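Q: Whole structure, please, built from the sequences with the hints as guidance.
2 protein chains.
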Amino acid sequence: MEIKKPTLIIDMQKVNNNIDRMQKKIDANITIFRPHFKTHQLKEIGDVFKKKGINRITVSSVSMANYFANLGWNDITIAFPINILEIEDINILAKKINLNILIESVYSISKLSNKIKYPIGIFIKVDTGYNRTGLQKDNPEIDSIIKLSLANCKYSFKGFLAHAGHTYYAKGKSEILNIANKSNKILNELKQKYIDSYPDIIVSYGDTPSCSIADNFEGFDEIRPGNFTYYDVMQYHIGSCSLNEIAVAVACPVVAKHKQRNEIIIYGGAIHLSKEFISADNNFKLYGYVVKFTYNGWGEPIPGAYVSSLSQEHGIIKMPDNYFDDVNIGDILGVLPIHSCLTANLLINDYKLV
Amino acid sequence: MEIKKPTLIIDMQKVNNNIDRMQKKIDANITIFRPHFKTHQLKEIGDVFKKKGINRITVSSVSMANYFANLGWNDITIAFPINILEIEDINILAKKINLNILIESVYSISKLSNKIKYPIGIFIKVDTGYNRTGLQKDNPEIDSIIKLSLANCKYSFKGFLAHAGHTYYAKGKSEILNIANKSNKILNELKQKYIDSYPDIIVSYGDTPSCSIADNFEGFDEIRPGNFTYYDVMQYHIGSCSLNEIAVAVACPVVAKHKQRNEIIIYGGAIHLSKEFISADNNFKLYGYVVKFTYNGWGEPIPGAYVSSLSQEHGIIKMPDNYFDDVNIGDILGVLPIHSCLTANLLINDYKLV
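Chains A and B are the protein sequences, given in the same order. Numbering follows numbering that gives the first Met the number 0, in which position 301 of the first sequence is assigned residue number 300; successive positions increment by one, without gaps. Numbering follows numbering that gives the first Met the number 0, in which position 299 of the second sequence is assigned residue number 298; successive positions increment by one, without gaps.
You may find that some hints are simply not true.
Said to hold, decoys possible - In silico BS3-like pairs for lysine-lysine, Cα to Cα no more than 27 Å straight-line:
(1) A/K258 <-> B/K110
(2) A/K42 <-> B/K192
(3) A/K114 <-> B/K110
(4) A/K192 <-> B/K3
(5) A/K3 <-> B/K258
(6) B/K49 <-> A/K258
(7) A/K181 <-> A/K192
(8) A/K153 <-> B/K3
(9) A/K153 <-> A/K24
(10) A/K3 <-> B/K116
(11) A/K4 <-> A/K284
(12) A/K258 <-> B/K95
(13) A/K24 <-> A/K3
Derived by calculation from the structure, the hints in this document are not laboratory data. Bear in mind that the values here come from a model prediction, so they are computed numbers and not experimental data.
A: Here it is, written out as structure tokens:
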């Protein structure tokens with residue numbers, strides 16, 4: 000592997016397996032699979048999905064929708080509260096593809112209404128407990144938004160959408176499934192309330208922990224996980240994946256060693272890995288696990304080795320005694336990222352498929 | 000200000016003032032000013048320095064050295080432990096500019112020795128207490144590195160260099176000055192030890208807290224602060240700058256409001272601001288202060304308003320009651336970043352000078 004600076008190594012076999020596993024579950028549930036592309040943001044990973052027959056996707060910004068629309072993707076949901084300042088770009092997109100947007104206020108849909116020029120799908124963002132964005136199920140704005148979307152022939156009311164981001168803070172499988180079940184109940188209460196008037200509406204749900212752990216998606220008409228494509232150390236800690244299923248590692252040159260502290264300095268810092276960390280008691284911070292590369296991928300994490308600190312370009316690896324001398328300056332070590340979405344975004348121009 | 004998505008707004012008047020203030024102090028000390036360009040990484044900010052007569056710079060990677068060398072900068076120190084895998088690029092640079100590199104091991108300089116084709120300056124990285132990189136002053140490798148650098152006619156031994164990154168964790172002015180003084184003492188002990196044999200060696204020091212707070216640079220032949228160009232909330236908390244001196248703010252569209260929680264959702268997340276935060280008791284995390292833009296810049300931070308949480312693209316602002324209703328969806332709010340180096344790196348293609 001000819002690597003000279005921090006590079007995202009993407010194990011395509013693992014990506015394939017991760018997608019296959021998720022697709023198999025979804026197919027068994029006769030649910031729509033609309034994967035979130037914000038994790039990878041890459042044409043090549045999109046192509047893997049495309050080859051498996053997936054043609055509906057989720058993105059998190061208008062820019063990302065543009066990128067994938069230009070690559071031929073023609074059914075895209077922008078899963079982010081609509082930014083009314085980007086109406087021109089939204090119109091350009093809506094003209095050429097099936098575009099769905101998220102609405103969570105009467106204010107936004109009113110501001111848009113006289114500016115939307117092409118047919119567009121409207122999902123109402125519902126807050127099922129994450130408390131980040133979305134409307135509570137009993138909020139009267141839901142009814143008002145539906146009425147406003149009906150009043151404009153360009154709008155097509157598609158249903159209710161939620162992201163249960165609080166699964167990221169859940170402890171264990173049953174807590175995650177509880178969140179998924181609660182979200183399911185809330186979304187379906189709303190669906191039942193409106194299905195007679197709008198028989199085509201659906202319920203769309205997505206987050207990697209729920210979708211990785213649940214086997215039964217009954218009640219969810221569409222699911223939208225994204226991170227599962229790569230997974231990462233955070234998902235491993237949540238219980239969504241095994242360490243073996245993490246499909247990306249950042250290749251980092253070793254630039255210095257400090258034996259008295261058992262520390263190895265890598266070229267690979269916050270601008271490559273992101274400052275996302277997992278913390279524990281006693282001020283312990285984990286910025287990534289450490290692996291060695293093999294001829295076609297990488298091995299298990301080195302026991303006891305971890306990235307303990309990051310500066311802009313430097314990473315510090317705490318390396319146990321018994322592995323310290325095996326590593327030389329000029330070697331390449333791999334770092335399994337804490338949050339692959341942020342790491343992949345930082346290395347969007349520096350990646351390699353293996 | 001025509002802004003549709005997260006954009007780094009750079010107040011050029013503040014940048015100018017920040018540079019002038021630092022340059023004035025440095026001129027009074029007859030010290031070399033070699034500013035670190037890793038904070039801004041921009042041609043336009045480089046031009047401001049150039050117009051003030053500054054022609055020696057510091058960068059943190061070979062890529063960054065390449066970028067600025069291509070813009071005509073011809074005296075560059077790469078303040079990062081040399082990455083021996085990039086020797087080809089280093090040779091290309093050394094051929095066309097005055098290039099200085101950092102060495103902190105016999106291993107690295109030995110590996111380089113038969114591959115260096117053009118004259119290159121060697122600084123020995125000294126650890127003055129930060130414990131990240133560099134050699135302790137009494138480490139015998141220092142002597143060996145100097146001997147090796149003397150043995151190769153391509154090398155020119157330039158002196159001793161330190162980065163006192165532990166000033167970032169210091170509490171108050173006197174603790175920062177203590178660190179600077181201690182570093183000064185260590186570096187000058189080394190200089191005195193070798194000055195008779197190498198009369199041209201210098202002592203190079205740099206970090207924004209020290210250089211902002213100290214007035215007297217006696218003993219430092221060169222200083223290399225970088226962050227002071229923009230400053231940020233972290234520097235404000237350390238005591239390096241006032242809030243008024245922070246020269247960058249990220250313009251973020253407001254996309255949703257949640258009155259029951261006094262929360263405003265902005266398009267502006269971890270991939271725009273970085274996940275750097277300042278924490279306090281009770282799990283409080285601060286990801287940025289909030290400002291409103293004026294016709295030519297921005298005002299004081301809104302009292303009590305702050306970015307409390309970041310997802311990939313979303314930011315959540317806690318907005319006090321009395322300001323909440325003044326902000327509408329579609330407005331642009333500014334966020335003063337916690338760590339401007341990371342934020343500027345993320346928005347390297349999305350910035351605007353005002």
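Q: Take the hints in turn and mark each one as holding or not.
A: Hints and how they fare:
1. A/K258 <-> B/K110: 19 Å, holds
2. A/K42 <-> B/K192: Answer violated: A/K42 to B/K192 is near 57 Å, above 27 Å.
3. A/K114 <-> B/K110: 63 Å, violated
4. A/K192 <-> B/K3: 36 Å, violated
5. A/K3 <-> B/K258: 50 Å, violated
6. B/K49 <-> A/K258: 41 Å, violated
7. A/K181 <-> A/K192: 17 Å, holds
8. A/K153 <-> B/K3: 23 Å, holds
9. A/K153 <-> A/K24: At roughly 35 Å apart (the allowed maximum being 27 Å), A/K24 and A/K153 break the hint.
10. A/K3 <-> B/K116: 19 Å, holds
11. A/K4 <-> A/K284: Distance of about 24 Å is within 27 Å: holds.
12. A/K258 <-> B/K95: 36 Å, violated
13. A/K24 <-> A/K3: 40 Å, violated
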